[in-house]
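4 protein chains.
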Amino acid sequence: MSDAPGVDDVDGMTGTRSPRIRPPIFEMGLKGYLWGEGAVHLAKAADRLARELDVRIVFDPQHVDIPAVAAATGDLLVFAQHMDPVTPGRGVGYVLAEALRDAGAVGTLLNHAEHRLTLADIDRSIARARATGLATIVCCDSPDEAAAVAMLGPDIVLAEPPDLIATDRSAATELPWFVERTVELVGRIDPSIVVMCGAGVRTPGDAARMIALGVGGTGSTSAILTAEDPVATMTAMIEAVHRAWTERPGGA
Amino acid sequence: MSDAPGVDDVDGMTGTRSPRIRPPIFEMGLKGYLWGEGAVHLAKAADRLARELDVRIVFDPQHVDIPAVAAATGDLLVFAQHMDPVTPGRGVGYVLAEALRDAGAVGTLLNHAEHRLTLADIDRSIARARATGLATIVCCDSPDEAAAVAMLGPDIVLAEPPDLIATDRSAATELPWFVERTVELVGRIDPSIVVMCGAGVRTPGDAARMIALGVGGTGSTSAILTAEDPVATMTAMIEAVHRAWTERPGGA
Amino acid sequence: MSDAPGVDDVDGMTGTRSPRIRPPIFEMGLKGYLWGEGAVHLAKAADRLARELDVRIVFDPQHVDIPAVAAATGDLLVFAQHMDPVTPGRGVGYVLAEALRDAGAVGTLLNHAEHRLTLADIDRSIARARATGLATIVCCDSPDEAAAVAMLGPDIVLAEPPDLIATDRSAATELPWFVERTVELVGRIDPSIVVMCGAGVRTPGDAARMIALGVGGTGSTSAILTAEDPVATMTAMIEAVHRAWTERPGGA
Amino acid sequence: MSDAPGVDDVDGMTGTRSPRIRPPIFEMGLKGYLWGEGAVHLAKAADRLARELDVRIVFDPQHVDIPAVAAATGDLLVFAQHMDPVTPGRGVGYVLAEALRDAGAVGTLLNHAEHRLTLADIDRSIARARATGLATIVCCDSPDEAAAVAMLGPDIVLAEPPDLIATDRSAATELPWFVERTVELVGRIDPSIVVMCGAGVRTPGDAARMIALGVGGTGSTSAILTAEDPVATMTAMIEAVHRAWTERPGGA
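Chains as they are written, first to last, in my numbering: chain A, 274 to 525; chain B, 274 to 525; chain C, 274 to 525; chain D, 274 to 525.
Be careful, since some hints might not be right.
[Unchecked claim] A few chain B residues facing chain C, derived, Cβ under 8 Å: (1) GLY364; (2) TYR367; (3) GLU387; (4) LEU392; (5) ILE395; (6) ASP417; (7) GLU418; (8) LEU448; (9) THR519; (10) GLU520; (11) PRO522.
Hints were generated in silico from the structure; no laboratory data involved.
Backbone N, C-alpha and C define an ideal beta-carbon position, used for all residues, glycine too.
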């Protein structure tokens with residue numbers, strides 16, 4: 274941190290953070306592929322993996338499924354897919370931080386490529402999450418945007434080249450510079466922010482290559498949820514993350 | 274319906290409707306005022322009223338509270354505050370009709386003045402609700418917009434002059450023409466659509482006056498949720514709706 | 274109009290309209306394909322056609338090109354591609370009706386599939402246009418939405434199946450029911466509203482077939498602006514509209 | 274710059290900038306208060322000031338007035354109030370960089386508090402401006418957001434506490450820490466980015482105090498455009514900026 278002069282001030286400016294999520298991290302994004310009973314079933318399998326392996330698993334179901342998923346699991350990090358910067362009071366149809374937290378969520382995704390937010394709303398949503406004890410994974414499209422987001426004090430930055438999302442072309446293979454540049458820029462601003470990268474991560478090999486490029490986590494949605502056996506596919510990918518993490522230079 | 278020539282065709286065009294919600298209707302909107310335990314507590318009180326009085330009570334909590342509210346009640350019509358027109362698959366952070374339904378919701382609000390939607394999204398969301406068996410209350414700002422919405426085949430149209438929402442000036446007293454015009458225009462297009470009006474409804478008298486103007490329902494949020502005794506305030510308002518309904522010309 | 278009850282009232286409700294644009298109409302949409310000198314050059318050619326043929330040509334350049342196009346032409350109907358419902362005063366970067374009018378525009382498109390608006394903003398923008406003497410072409414995606422828009426009192430409704438926009442599959446050939454249904458529904462609500470349909474109109478034959486289906490106008494963008502000779506392509510299409518209009522049953 | 278390790282890389286990442294606008298800068302924002310002849314009249318007065326005083330004056334009229342304002346002035350920096358990240362081609366109603374430039378604009382505002390953009394659109398719009406030779410003033414709500422924006426390589430960052438915009442409470446007097454913090458954070462990231470602050474700047478004294486706090490520019494809209502004599506009010510404020518700039522510690 275000695276070569277990152279802004280960090281202390283940045284921390285001072287943005288207040289106390291929620292307890293940090295320790296890498297490696299795997300985000301199991303559900304989007305709108307799975308809900309209800311199916312979501313709870315997959316959550317339980319993910320929860321077993323989180324207990325057995327030294328990997329933090331972020332699991333983000335539809336909002337209505339957060340209570341059931343939280344009740345059925347113990348080690349899973351249950352996140353919302355989105356939260357709004359509203360405070361208690363008015364705001365029909367907007368997702369309130371306090372309601373998420375009391376329903377069992379421990380954090381929220383923000384600004385996914387499929388759900389982009391204004392800069393002002395990202396800033397205010399991070400502040401709301403912080404004030405209610407929720408962690409934040411803020412998504413973005415490029416290394417520059419990852420650096421911009423890092424100035425706003427999120428817990429985790431998740432950068433994904435938008436053109437590769439939901440394709441079979443992994444960012445780890447196609448755009449290694451994108452991944453390495455994101456790690457470098459965010460690390461220089463605040464090394465305590467975990468950097469994740471994704472997009473096109475479809476195989477255990479893709480996940481492992483991503484970790485080898487220096488990120489603290491990765492994730493997958495469509496490859497797992499459209500697989501013939503989602504639990505087996507998810508398990509293989511998370512085991513690959515675990516292995517790649519222990520084998521990385523300087524790894525535990 | 275003899276003087277409404279478009280109705281049959283409109284119905285034919287838009288397909289089978291979910292079973293209609295019979296007036297009178299009272300919408301107990303929670304917005305972001307109440308969540309978690311507090312929402313369930315109020316829901317139980319509303320549920321008792323729905324059992325005792327001939328009033329359909331629409332209760333719309335935060336999305337994460339839908340399962341608990343649905344599980345704790347039997348006669349309440351549990352609605353979402355918002356739904357997106359997405360289909361199963363991609364769409365991070367968007368609210369999926371199937372997930373709402375499987376969590377216990379029977380309908381959704383759309384296009385509230387605090388959450389405005391594009392015309393295309395209102396149209397597609399109504400279609401999605403219809404396809405999944407959810408009812409729709411589509412909000413709007415004026416009698417013309419109510420007529421426009423009526424062409425899209427919702428179950429209920431709720432018109433509220435936006436400047437009076439969350440004030441202490443009731444639309445029933447300040448803008449009776451607004452209410453009467455909405456009832457007239459929508460009735461001419463499709464008399465099977467229930468017309469509701471709201472905004473500034475803070476007392477049992479406000480609610481009763483609204484019913485007397487010819488609507489099939491009304492609702493309240495801030496007056497109830499910021500009252501010293503929300504259950505008592507809600508009860509008085511719903512009883513007033515019940516009474517005004519039975520006393521209306523031609524009432525049961 | 275005898276079988277369309279409601280129409281008189283609808284007119285009464287929404288106030289005096291700007292002088293109506295008489296069909297047939299051809300909309301020459303520029304989008305972001307052409308600007309500056311190129312836009313003025315094409316506008317002059319379109320202006321000559323508007324003088325020679327009994328076709329009203331709506332020409333909608335980028336906002337910054339409205340003054341030059343208006344100054345260089347006499348018979349062209351210069352429209353904005355978009356306008357906002359703002360009134361004079363605040364609103365950085367929003368397009369003000371009065372500024373459009375004083376720059377030479379006579380109308381504006383609203384709610385194109387590439388620029389969707391909320392129902393409330395469509396309603397308020399039509400009112401702003403009316404108050405400043407601008408005509409409105411309100412776009413939409415379906416016959417139902419065309420009927421909804423017709424309740425808001427636009428001058429022209431332009432319905433385009435969104436999946437066919439900028440393709441080589443013409444709505445006139447692929448979805449004749451879409452066109453006929455739009456003509457029927459809008460005509461029943463207010464026969465003084467001109468109905469236009471478009472999407473995938475790439476040849477003179479496509480334009481003629483559209484007119485033959487009963488619409489008062491059609492338009493094209495990409496087929497003309499990506500043609501080797503845009504002026505010749507535009508001329509052939511507008512001549513086809515002219516011919517189809519005079520040859521239609523009951524045509525002049 | 275020795276204590277700002279990221280700067281070189283940031284510059285390398287984001288490519289060559291347009292020629293920098295040298296401070297002091299005064300932004301004369303028109304919003305929707307003034308258009309047509311009135312806008313040109315004020316522009317000419319501002320142009321004379323820009324010639325006489327060592328102050329760069331950014332003047333941002335409605336889009337349709339850009340050509341006339343550019344044609345009538347020589348030293349004014351004519352900016353758009355907003356630009357979209359679209360490229361030539363589709364995009365009805367969106368503001369194209371190339372069209373702005375060819376109409377005489379030399380830059381654009383982005384992300385004003387009255388017109389907020391997604392992080393992705395700010396990033397892409399800055400890139401589009403850079404590629405077409407337009408300068409950018411990117412607005413934001415807080416020092417943190419100013420730092421975030423600075424990572425995206427704008428020419429100028431303009432921070433305004435949103436609650437003070439269009440009030441008579443100047444940010445320079447009410448929130449000096451806001452101004453000083455913004456100057457410090459952005460300067461640490463890239464000292465070649467000009468920092469401007471505004472909101473509530475209504476008198477020559479407000480403008481001078483702002484400069485004294487270390488910014489490279491400020492601006493005003495409502496105080497000037499609602500004044501009895503806008504030209505006199507504007508002149509007094511710009512003269513105050515000029516004077517405060519020469520008198521600042523280390524000033525020329």
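Against the structure, the hints:
The interface hint given for B:GLY364 is violated, since its Cβ lies 17 Å from the closest Cβ of chain C, which is over the 8 Å cut-off. Look at B:TYR367: its Cβ only gets to about 16 Å from chain C, farther than 8 Å, so that hint breaks. Proximity of B:GLU387 to chain C is violated relative to the hint, the smallest CB-CB distance being about 11 Å (cut-off 8 Å). Annotation: B:LEU392 was flagged as interfacial toward chain C, and the flag holds, the nearest CB pair being 5 Å apart, inside 8 Å.
Against a cut-off of 8 Å between C-beta atoms, the interface hint on B:ILE395 holds, since the closest Cβ of chain C lies about 6 Å away. Against a cut-off of 8 Å between C-beta atoms, the interface hint on B:ASP417 holds, since the closest Cβ of chain C lies about 6 Å away. Interface hint at B:GLU418: satisfied, since its Cβ lies 5 Å from the closest Cβ of chain C, which is below the 8 Å cut-off. Here the hint on B:LEU448 is broken, as its CB sits about 15 Å from the closest CB of chain C, past 8 Å.
A cut of 8 Å between beta carbons decides the hint on B:THR519: the least distance to chain C is about 31 Å, and the hint is violated. At about 29 Å, the closest approach between the beta carbon of B:GLU520 and any beta carbon in chain C exceeds 8 Å, and the interface hint on this residue is violated. A distance limit of 8 Å between C-beta atoms decides the matter here; for B:PRO522 the minimum to chain C is near 23 Å, and the interface restraint is violated.
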